[in-house]
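Novice: Just so you know, the sequences run in chain order B and L. The numbers in the numbering used here rise by one with no breaks, and the one at position 184 of the first sequence is 184. The number in the numbering used here is simply the position in the second sequence, starting from 1, with 1000 added.
Any given hint could turn out to be false.
[Said to hold, decoys possible] So the derived label-pair ranges between C-beta atoms look like this:
hint : chain 1 : residue 1 : chain 2 : residue 2 : range
1    : L       : Asp1008   : B       : Arg286    : 32 to 42 Å
2    : L       : Asp1144   : B       : Glu221    : 48 to 58 Å
3    : B       : His200    : L       : Ala1076   : 42 to 52 Å
4    : L       : Lys1292   : B       : Ala212    : 36 to 46 Å
[Said to hold, decoys possible] Computed footprint of chain L on chain B, listed as stretches where at least three residues anywhere in the stretch have a Cβ under 8 Å from a Cβ of chain L:
hint : region
5    : 11-17
6    : 223-231
7    : 284-296
8    : 302-315
Derived by calculation from the structure, the hints in this document are not laboratory data. Glycine is no exception: its CB is placed at the ideal position from the N, C-alpha and C atoms.
2 protein chains.
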Amino acid sequence: MPREIVVDPLVTRMRDGDRRALARLLTAIENDHPALPELGAAIAQFTGHAQIIGLTGPPGVGKSTSTDALVAAYRAQGLSVAVLAVDPSSPFSGGALLGDRIRMVGHSGDSGVFVRSMATRGHLGGLSAAAPAALRLLDAAGFDIVLVETVGVGQSEVHIASLADTTIVLLAPGAGDSIQAAKAGVLEIADVFVVNKADHDGAAATVRDLRAMISLGQTGEPGQWRPPIVTTVAERGEGATDVIDAIATHRAWLSEHDELSLRRRRRAAGEIEELAVRRLRERWERPNAEVKLDDLAEAVARGVLDPHAAAQAVAG
Amino acid sequence: MPREIVVDPLVTRMRDGDRRALARLLTAIENDHPALPELGAAIAQFTGHAQIIGLTGPPGVGKSTSTDALVAAYRAQGLSVAVLAVDPSSPFSGGALLGDRIRMVGHSGDSGVFVRSMATRGHLGGLSAAAPAALRLLDAAGFDIVLVETVGVGQSEVHIASLADTTIVLLAPGAGDSIQAAKAGVLEIADVFVVNKADHDGAAATVRDLRAMISLGQTGEPGQWRPPIVTTVAERGEGATDVIDAIATHRAWLSEHDELSLRRRRRAAGEIEELAVRRLRERWERPNAEVKLDDLAEAVARGVLDPHAAAQAVAG
């Protein structure tokens, strides 16, 4: 039984800067609370102001240290920052999250910083619905910057990172990370590349490889964005200002090319689809459904019906 | 433009044991060929005979070596085996697949063994539709055993492995793998645990930890399955027979408890849903759609509509 929440006063308190109200509403999102449609309606008018930044990359490149450095750099500019740390994918590699997040206590006395972790708790695909809703809420809470850091390495993380206005792909020297990243289509989602641990051996080679691959990805069309490569040593905060400058440049490019509204429409479309599909699933699985998914599934399992014909029967 | 395929003669050839026909049909599934509904209808009557076995586990535990050992053990019993190696999740860790698969050439002169790799090629979520269709095809091709090995570590792999009649979770000594696996709900999908590298230090401790966790997961209900723990040294083929015995025991338990048909119905239901949702998506995104997803997305992006209300408009 979900804890009762009264949406309107919580939203008012959240808008007034009450972090506990914000945290309760995030928990409601995480738990798929029945009041979410009401919450969505209550906050819609307050959304669209935050700059959403995604950060992703393979394990060990220093994602949380980099997040920390970015937060500090934004705070130095007087901007408020919310961080959503998401670990959607790996049932095998959990556990790093909490340890990493302890670093963020450096900002814990600062009311302009808010950090929240979200994990799957075994709901497969659950985060793909919850993450956009959480970003929307943090936006409505009035943060200037909302940074979504994905901790895992799966498709879901890449998907979530790509919901951002600007997506940063973090790499580090060695192990062919950059080549592998490029192979798997990560190039396509990167607006800014950051090569962290730039003081390590091989950093120059990683930058060179990346540059060559970015060139390959360039179609030569006039309005195409060319992802810059920024080098950092996040542990010492080096390069963080360069990263936020690159983000600002990308943001300006998005606005000039009408891409910002396109991305936001795409993000909204994905969120709508996700929710629509969930509505349909619930309907198909209802015991009194007109077309019973169960009956069709049995026919398919027995080999007397094929799944495509069954899908047509369900969806028309 | 997809290559033209003529379904019926290809299915006939596949049923006659022509591996090239099978390979072409698998490629059609991978590429989401327009003839897939026709293919689904043509093979439905031949499905439901193979035993589907899933194998998953974190990197480095010896999944492909174990697959290889299981294939050899089944071949020794005279059973034909198809292996589907899937790497759905990690855009960052690709590349291991091919190298690992070279081992399988040990079976390459054997017409009772068929091996196929499937990777994502950047289609997010594409494999969740393709993998069940591929399993269905391999079943229709007449293999006694269809083994789906997931190479990555994400939710999608766990999801795919859990489509099987029997799901094997592979672990190896050290690094708290077992504890992490248990934490993340992998326990719930494991029908058989295999602790590989049983000759390494810490194997006994891994088995002990696992056993404790399995006990915790037991509700004490009479008909509950208790996942056995089998130890192996897959590199030397040790324990492979014990694994296939454990699989057979689980299979017998499934039949006795009417669980086999339940699992297969659930698998079919998932496949139907996946296809139904794709039909709906295509319809929503059509330019002449009655309710245009694009328009709703714009309203949501502008903050004048909330995603739940938009989803209701789309899905009713």
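Novice: Indicate, hint by hint, whether the structure satisfies it.
Specialist: Results of checking the hints against the structure:
Judged by the Cβ atoms, the range 32 to 42 Å given for Asp1008/L and Arg286/B holds: they are separated by roughly 38 Å. Distance hint check for Asp1144/L and Glu221/B: the Cβ-Cβ separation is about 53 Å, which falls inside the suggested range of 48 to 58 Å. For the pair His200/B and Ala1076/L, the supplied restraint of 42 to 52 Å holds, since their beta-carbon distance comes to about 49 Å. At roughly 41 Å, the beta carbons of Lys1292/L and Ala212/B sit within the given window of 36 to 46 Å.
By the rule of at least three residues with a Cβ nearer than 8 Å to a Cβ of chain L, the coverage given for the region 11-17 of chain B is violated, with 0 such residues. Given a C-beta distance limit of less than 8 Å, the hint that chain L covers the region 223-231 of chain B is violated, as 0 residues qualify and 3 are needed. Counting residues of the region 284-296 of chain B whose CB lies closer than 8 Å to any CB of chain L gives 4, so the stated coverage by that chain holds, three being the minimum. Residues of the region 302-315 of chain B lying with their CB closer than 8 Å to a CB of chain L number 13, which satisfies the three-residue condition for coverage.
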